[in-house]
Structures are given as C-alpha cells and as structure tokens.
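**Q** Sequence:
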Amino acid sequence: IASVLGSLETIVLATVRIVFAWSFDGIMPSKLSQLSRRGGSPNFALAIIAVIGLVYILISIFEANVLTFLAYTTSGLYLSIAFVGLSGLLFPYRKKALFLSTPATVQRKVAGIPAIAILGLVTFLVGLFVAIAAASPAYTGASVNPYYVAGLASVFIGGLAIYAVSYYYQKSKGVDLMLRFREIPPE
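First residue of the sequence shown: 1198, per the working numbering; consecutive thereafter.
In case anyone wonders, no lab produced these hints; they're calculated from the structure. Yeah, the Cβ is synthetic: ideal placement off N, Cα and C, and Gly gets one too. Be a bit skeptical, because a hint or two may be false.
Said to hold, decoys possible - Derived DEER-like restraints, expressed as beta-carbon distance ranges:
{"no.": "1", "residue 1": "A1358", "residue 2": "S1284", "range": "18 to 24 Å"}
{"no.": "2", "residue 1": "S1233", "residue 2": "V1341", "range": "20 to 26 Å"}
{"no.": "3", "residue 1": "A1350", "residue 2": "A1301", "range": "30 to 36 Å"}
{"no.": "4", "residue 1": "P1334", "residue 2": "T1299", "range": "40 to 46 Å"}
{"no.": "5", "residue 1": "P1226", "residue 2": "I1354", "range": "48 to 54 Å"}
Using the sequences provided together with the hints, build the complete structure.
**A** Structure follows, in structure tokens:
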C-alpha cells in the first residue's frame, strides 16, 4: 500500500506541475498557475487533477480490471516521460543558442557530448521501454485491450487539441504562443 501511495503522490505532483506549466505558458487558463497566498501551492491545478483522478478511480473500480487499467496509465505516463527525454536529447542541438545561454551546470559535457543529451537519451529509452512493457500481456496477464489503447491515444490527441485551441485563441488576441518557448522560464 505504501508503494502505491508513493507512486500516486509522484504521479499527482508531476501532473500538477505539468498543468501549472501549461498555464504559465498560456496553454491553459492562467487561474491554474495562480498560487495560494498561504502555502504557495497551485490549488486550482491541484483541484482539477484531484477531480480527474477521482474519475479515473471510479472507472477503475466499476468498469475495469484494476491492474490492466493501472498498467495502461503507467504506459501513458512513461510515454510522456520518453517525450521529455527526447526533448532533452535534442535540446543542445536543435536550440543551440538557448542551450548556450543556460547555466554552466546544464552545459556540462561528458566525452564531448552534452550531459543533458546523454541523460535525455537514457530517459527516452527507459521511458519507452517501461511504456511498452507496462501494457504488454506478459505484465498485465490480459490481452491488449483496444479500448485502453484508444483511451491512451485519446489523452495524447486531446493534449494536441488543447494546444491547437490555445494557440489559435492566443493568436486571435495578438499573442505569439511560440515566443514563450524560446527562453527557459524562471524558477
């Protein structure tokens, strides 16, 4: 039980940070990056993630094999992590000027290769491996469920749709959303 709670805590914290970052970048409403005065936490983002998490819990209780459902959820999470790793791998090469403007610790090299690229490659490979392995029949004990695969795909397609809507909405207001991705945000 402790490991499940620890895993859920990690997933919730990571997901809240993602929603906060989307809001900070103008992809989601700015209310989601608003911090509470008392604790400095993004309470609105936490509330949204709590509601979405509750829906998933209810689905897993009433409509799904819990292990299989969690396996596909893990696949989606690690597929997202693989994309982050790919970004880290490509960052020093695709955004060289931005990379050179980062602190020296980020620019460290190992055998002439940027450490962030090496770590990005490892993250990409591990994320991809876990994403595939977690949903495999050998792990779940069940055949690949096309509904779960469709549900997982819909999350990624939904993310692209949210981005597209936000992009055109911000553009209609005269805001170039892409400018926000040309520099590293403040800590």
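**Q** Tell me the numbers of any earlier hints that the structure contravenes, in ascending order.
**A** 2, 3, 5
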